[in-house]
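Student: The residues making up each chain are set out below.
4 protein chains.
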Amino acid sequence: MSVAASEIATSTIRELVDANHILFDQGVVDGFGHVSVRHPDRPDRFLLARSMAPALVTEKDVLEFDFDGNPVQKDTPTAYLERFIHGEIYRKRRDVMSVVHSHSPSVVPFSVVSGVKLRPVCHMCGFLSEKGAPVFEIRDFAGPGSDLLITSGKLGAALADSLGEGPAVLMRGHGSTVVGGSLRQTVFRAVYTEIGARLQMDAMRLGPVTFLTEEETVGTTKTISTQYDRSWFLWLKAARNSAMSR
Amino acid sequence: MSVAASEIATSTIRELVDANHILFDQGVVDGFGHVSVRHPDRPDRFLLARSMAPALVTEKDVLEFDFDGNPVQKDTPTAYLERFIHGEIYRKRRDVMSVVHSHSPSVVPFSVVSGVKLRPVCHMCGFLSEKGAPVFEIRDFAGPGSDLLITSGKLGAALADSLGEGPAVLMRGHGSTVVGGSLRQTVFRAVYTEIGARLQMDAMRLGPVTFLTEEETVGTTKTISTQYDRSWFLWLKAARNSAMSR
Amino acid sequence: MSVAASEIATSTIRELVDANHILFDQGVVDGFGHVSVRHPDRPDRFLLARSMAPALVTEKDVLEFDFDGNPVQKDTPTAYLERFIHGEIYRKRRDVMSVVHSHSPSVVPFSVVSGVKLRPVCHMCGFLSEKGAPVFEIRDFAGPGSDLLITSGKLGAALADSLGEGPAVLMRGHGSTVVGGSLRQTVFRAVYTEIGARLQMDAMRLGPVTFLTEEETVGTTKTISTQYDRSWFLWLKAARNSAMSR
Amino acid sequence: MSVAASEIATSTIRELVDANHILFDQGVVDGFGHVSVRHPDRPDRFLLARSMAPALVTEKDVLEFDFDGNPVQKDTPTAYLERFIHGEIYRKRRDVMSVVHSHSPSVVPFSVVSGVKLRPVCHMCGFLSEKGAPVFEIRDFAGPGSDLLITSGKLGAALADSLGEGPAVLMRGHGSTVVGGSLRQTVFRAVYTEIGARLQMDAMRLGPVTFLTEEETVGTTKTISTQYDRSWFLWLKAARNSAMSR
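Protein chains in written order, with the working numbering: chain A, 912 to 1157; chain B, 912 to 1157; chain C, 912 to 1157; chain D, 912 to 1157.
To be clear, the hints were calculated from the coordinates, so they are not data collected in a lab.
Take the hints with a grain of salt, since some may be wrong.
Claimed, not checked - Partner residues aside, some chain A positions facing chain B, computed with beta carbon under 7 Å: (1) P954; (2) V1032; (3) L1110; (4) L1117; (5) G1118; (6) V1120; (7) T1121; (8) T1131; (9) T1134; (10) S1136; (11) N1152.
What the hints assert, rightly or not - Across the chosen pairs, the derived CB separations fall in these ranges: (12) A/D986 - D/S1025: 23 to 31 Å; (13) B/S1093 - A/S1093: 26 to 34 Å; (14) C/D986 - D/P1055: 55 to 63 Å; (15) B/G1118 - D/I919: 54 to 62 Å; (16) C/D1051 - D/Q1138: 29 to 37 Å.
Glycine is no exception: its CB is placed at the ideal position from the N, C-alpha and C atoms.
Chain A with its partners taken away, still in its complex shape (with noise of 0.2 Å):
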């Protein structure tokens, strides 16, 4: 990366290269997908790494954004045809620190049936809106015959009208976009995204289903936000172990 890059800057880098090995490993990312963290010295801008499979990227592969989705540098090579879900996020979430986008498994059922929700099931995924993640559906504003993709600030700040004030949006026929307020919790929160989603399915095949509570969302949420380091360095360790790192 040729950004001059503070001490800071350059430990976040770090981190977000982890974060991608980590989601890979983890299975919320395969050779799509992406993992973007706000800048810690410059809040208008973000990290994320040039169009490539997560499993793979390096430091030198992180590349530094402004809100339009525009690289800093000049020659950069090529972008995620997607950054725009990032900018607008961090655009209009001062509160977000971490964006990942992902097409993980059991996540994009929820996006395709209109008649049911994503919802808190368990504590794990208390972080969840008791209401259920909305659904952006992009024929709403990309019209019958987009390519399904958020290829403009438009479309990323339509997004993230949709993603409102809540931790998941879902993108129908897509994927799932997840934000937090560090890159650590965004990583945990877009995990357990996917195995709430497992989760939920097995339990409405057994029969209706005891949701959390809107209270309990906010008290497991609580508690939770204290142990994010501890799925961490085990992920970590994981990744690093993985076939994938030799």
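Let chain A serve as the given structure and place chains B, C and D on it in line with the hints.
Tutor: Same frame as chain A, but now just chains B, C and D:
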């Protein structure tokens, strides 16, 4: 561990470390969940790792607690928030020598669907109650806005009451707790509770299920109780050969 | 193994060890389940490991039994409780050269739901009976309070009767037993019985299923019978390269 | 391979070997299934491994065939029984440069349930026909007692007719065949046909599904067509780092 440990305590601690690694490798615990064993020299105490991911536990991470959940040594590192699960069960159940608490993924759905019960679907989970595992609803004890966790002796005692004389209790929107007369038996039960739950879900989707009779639960449990070591040493080798042990 | 083994017996024993490791690596057996082969020099005997996890079996763990389940050598280690499955099937079925008993997870659900039958859903499991695999209900022979296991020659004979002339019999609340005309064919059938059961479960959830006709089971079985080695050597390499073989 | 190969043919053969390993590592093929590529120097021929498990294919196992399924060289080893799938599709479809035939497990259920169709549920499988993939019923061509395999040019031609101008055709009780304009595109489609089928099954269990519109299949396919290399090189690294490559 700074405990002045007898030889048997030392060997128990080693086995507890193995149990932590096995439960992770078999998919019963992830970053969360914990396993304890009653202290072999002091039946009024139990051994449990400090608050950390089970896969990473080493001998020096094991702490000694009294039944109120107080660490015996001073200046110990942070303890699991839910150590009260262990203390209160050991207090109430003289026969219990080990306790596993987990969020194992096939069991959680049974905790949130009031119309179905987790029951013994095959001989390997014949230890489960023929009447179905009880489900602990924390709202009845902590109100509608708790964090769902067993963070006090009072809640631990209520959970122990719900467990009764059985081998397992589900915790609504949270997970389950499994007990046994030895560490190896308890680990065995935790693994096969997860496997049995998956089998039951698959079977229920096919049609009405023939579960074990009460007599069959007695018969299978008696026979299987001679076989724990077969699984233990297999799982131990798998855990030690896994990428996480590199 | 203290058997005075002919060269062909030695090579059969080696292949039986491989079969044990393959069945574990392919998810057919876990700590439990077993595979035997008819003795190549003594068709009235069979070879089977001592009571242990299949993944850990070595050549020296293989024992020789007569059809009553008695070990031929004196002072042998503990034998599998259910060796009678093997002896009674070899006694009744001259064509059977190998037997696999397992609790493979997709098959168990079909053993406990009386309204559905395991049937050949695709060409790879065309060896399954078009009429559906029989289900052995041990209550009919051992009463309502057994341990569900085939622990006597009498129960083994009843199971062999239930198997009839077919390739597989399910055992209610327990597992299944698969037979074949060679060790490799039987291992192949055990793996594809599990795969076929999973496919059938998935298909049944989509809607009414078109199974193979009886003629198609004949046609597919004939063709596939020339292909066992292709799978065998693939699975053997996978087992030998797995973490368990380190 | 004894072919007097041009430089481009040599490089094509290398890539075909990689494709074999990727398809195994991604779970599209097991011991069975095969992938071919049209000969880069001779558009009236194709390259395909000899009859063997894809995971074990090396460069010297690749053979050259004409469209009738005859090997070009003499004294070649045994060819796949179903090489006619490849020859007849290349004959009929000038645009097709590669063909994958597999029994990938989430697709087979759609081949045996006549009431449902495999359709594009998300942007990654936007290449699937909006009208649903055709299902080839071999009984219509080979009668009620075939072995379900495409073992002649006549059956290959009938399958190619069923495929029509589309990217994929399901084969009842058997598997599927996927085609594309390059080897990498075809491998990509084979992997995402499997992923999409799993997503569709999960979604259908939740409720009525919103599939992509025909316009959206065009839009997504156009965009995703620029991204195959991202997956290719990820999957290649995964395959090369896997235990099977040791």
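Student: Could you run down the list of hints and mark each one as holding or not?
Tutor: Comparing the hints with the structure gives:
1. P954: Cβ of A/P954 sits 30 Å from chain B, so the hint is violated.
2. V1032: Where the cut-off is 7 Å and the nearest Cβ of chain B is about 6 Å from A/V1032, the hint holds.
3. L1110: This interface hint holds because 5 Å falls under the 7 Å limit.
4. L1117: Nearest chain B Cβ about 4 Å off; hint holds.
5. G1118: Cβ of A/G1118 sits 4 Å from chain B, so the hint holds.
6. V1120: With a closest approach of 5 Å, the A/V1120 hint holds.
7. T1121: Hint on A/T1121: holds, closest Cβ of chain B at ~5 Å, below 7 Å.
8. T1131: holds, 5 Å
9. T1134: holds, 4 Å
10. S1136: With Cβ-Cβ at 10 Å, over 7 Å, it is violated.
11. N1152: With a minimum Cβ separation of about 4 Å from chain B (threshold 7 Å), the hint on A/N1152 holds.
12. A/D986 - D/S1025: 23 to 31 Å: violated, 56 Å
13. B/S1093 - A/S1093: 26 to 34 Å: violated, 42 Å
14. C/D986 - D/P1055: 55 to 63 Å: holds, 57 Å
15. B/G1118 - D/I919: 54 to 62 Å: holds, 57 Å
16. C/D1051 - D/Q1138: 29 to 37 Å: With a Cβ separation near 59 Å, C/D1051 and D/Q1138 fall outside 29 to 37 Å, so the hint is violated.
Checked against the numbered hints given earlier, this structure breaks hints 1, 10, 12, 13 and 16; the rest are met.
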